[in-house]
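Undergrad: Can you build the whole structure from these sequences, using the hints too?
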Amino acid sequence: MEPSTASSAAPEDGSPAERASLRAVLAQRDFRRYAAARFLATVTWQMLGVAVGWQVYDLTRDPLALGLVGLAQFLPFLALVLPGGQAADRFDRRAVLALAYATEVLAVGVLFAFTLSGSRATWPVFVAMALVGAGRAFWMPTGQAMVVNLVPPSLFPRAAAFNATLFQLAIIAGPALGGLLYAAGESRAGAGAAWVYATALALLAVVIAQLMRVRPVRPPRSTAPHSWHELSAGLRFVSSRKPVLGAISLDLFAVLFGGATALLPMFAADILHVGPEGLGLLRTAPGIGAAVTAVLLARRPISRHAGRWMFGGVAVFGAATVVFGASNSFWLSFIALLCVGAGDMVSVFVRHLLVQLETPDAIRGRVSSVSAMFIGASNELGEFESGLTASWWGPVPAVVAGGLACLGVVAVYLRLFPQLRRLDRFPDQIGRAHV
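So that you can map any letter, position 320 of the sequence shown is 382 in our numbering, and since no number is skipped, the others follow by simple counting.
It is possible that part of the hints are untrue.
Said to hold, decoys possible - Distance windows between CB atoms, simulated:
1) A175 x S216: 46 to 52 Å
2) W454 x P145: 17 to 23 Å
3) S216 x L126: 21 to 27 Å
4) R275 x S216: 21 to 27 Å
5) Q90 x S181: 30 to 36 Å
6) L140 x H335: 32 to 38 Å
Read the hints as simulated data drawn from the structure, not as lab findings. Where a beta carbon is used, it is the ideal one built from N, C-alpha and C, also for glycine.
TA: Now the structure itself:
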């Protein structure tokens with residue numbers, strides 16, 4: 063069923079109504095605490111991305127090893143993400159998040175111990191990344207399902223845009239901080255990764271403490287027995303809503319083919335000839351582009367032609383990926399990655415609002431787990447695909463071909479999902495649809 067087209071237009075840019083709604087969002091104490099915890103957690107993951115990528119490539123000089131970092135995260139994530147969504151629909155979502163982040167603490171502890179050991183065998187890194195994937199299988203759907211419980215329904219679009227802005231600011235700060243810490247640690251103690259991992263452990267401790275200050279968020283009580291039918295409710299719901307299915311699967315295939323993040327250490331070291339600080343800047347660039355776009359969306363959310371905006375965002379993502387892959391100039395590569403982040407932010411914004419506004423709260427965790435499964439597949443499996451194709455063809459042909467494939471996906475989906483192409487306004491009531 064196509065979403066309702068009844069929705070009010072966004073307030074004028076900078077209007078009193080807009081400023082009042084943002085103040086109302088920030089007045090929600092539990093949302094503020096959750097948003098702060100999520101910001102610090104995202105900073106942590108971005109720092110780890112720089113440190114793990116540079117460390118593994120420094121040890122192996124093998125693009126396939128970079129791809130295996132993504133695969134090690136994806137396999138446990140795929141196995142556990144549907145149970146993770148079910149947990150979000152049965153238990154206190156705050157507690158599920160805290161336990162998932164505790165698993166990430168264990169993963170960072172493994173990375174820290176591995177670095178201090180001086181070993182050159184990379185298998186402990188893959189073990190740690192598997193733990194990261196297991197934790198993500200629970201915190202990703204739970205976090206997506208939880209925001210709508212922390213603010214009044216009328217404030218949710220603003221809260222989602224504000225949350226996206228914080229997320230992108232973390233994506234800017236995290237890689238830069240990770241690169242600087244890595245470089246400083248290398249110059250002073252010869253153990254840059256250890257500095258990053260120690261900082262990550264401290265940040266995660268703050269994240270868990272902040273989450274425990276959020277009020278319990280318990281979904282509607284379910285009396286249904288545990289079964290595959292209940293576990294797969296999210297899959298059935300998504301498959302029955304063609305715009306939702308089109309939105310999350312478009313993101314899957316676009317990022318699966320067009321993602322170049324896994325190869326950034328290789329581009330930084332061998333093509334652009336910059337160190338870990340340069341890698342940090344390259345990883346920051348998509349976040350800057352996405353953050354600027356998120357700020358614009360927070361001030362003036364998309365209210366019309368949502369489907370066209372989503373297709374346009376993915377097309378920009380693919381075209382900018384082609385430019386990045388063909389560039390041998392650091393600053394041109396940086397600008398291309400800015401555009402990658404901007405295009406991705408538009409598609410993420412549309413997808414997130416469409417999924418959350420269309421889904422009843424009783425199954426929001428399971429639907430979010432399906433969305434998370436698609437996102438995880440696009441990110442981690444996309445990293446493996448990038449590493450594998452780079453080991454066959456080299457990094458430049460692999461990235462350029464991936465960007466062109468992303469544009470091909472857009473062309474196919476324009477015909478395959480006309481409901482998404484024609485989508486104008488978002489649903490006007492949270493949880494309007496029924497299973």
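Undergrad: Would you mind marking each hint as holding or not holding in the structure?
TA: Evaluation of the provided hints:
1. A175 x S216: 46 to 52 Å: 48 Å, holds
2. W454 x P145: 17 to 23 Å: 35 Å, violated
3. S216 x L126: 21 to 27 Å: At 49 Å between Cβs, range violated.
4. R275 x S216: 21 to 27 Å: At roughly 25 Å between Cβ atoms, S216 and R275 fall inside 21 to 27 Å, so the hint holds.
5. Q90 x S181: 30 to 36 Å: 47 Å, violated
6. L140 x H335: 32 to 38 Å: Holds: the Cβ-Cβ distance is about 36 Å, inside 32 to 38 Å.
Taken one by one, the earlier hints fail for this structure at numbers 2, 3 and 5, listed in ascending order.
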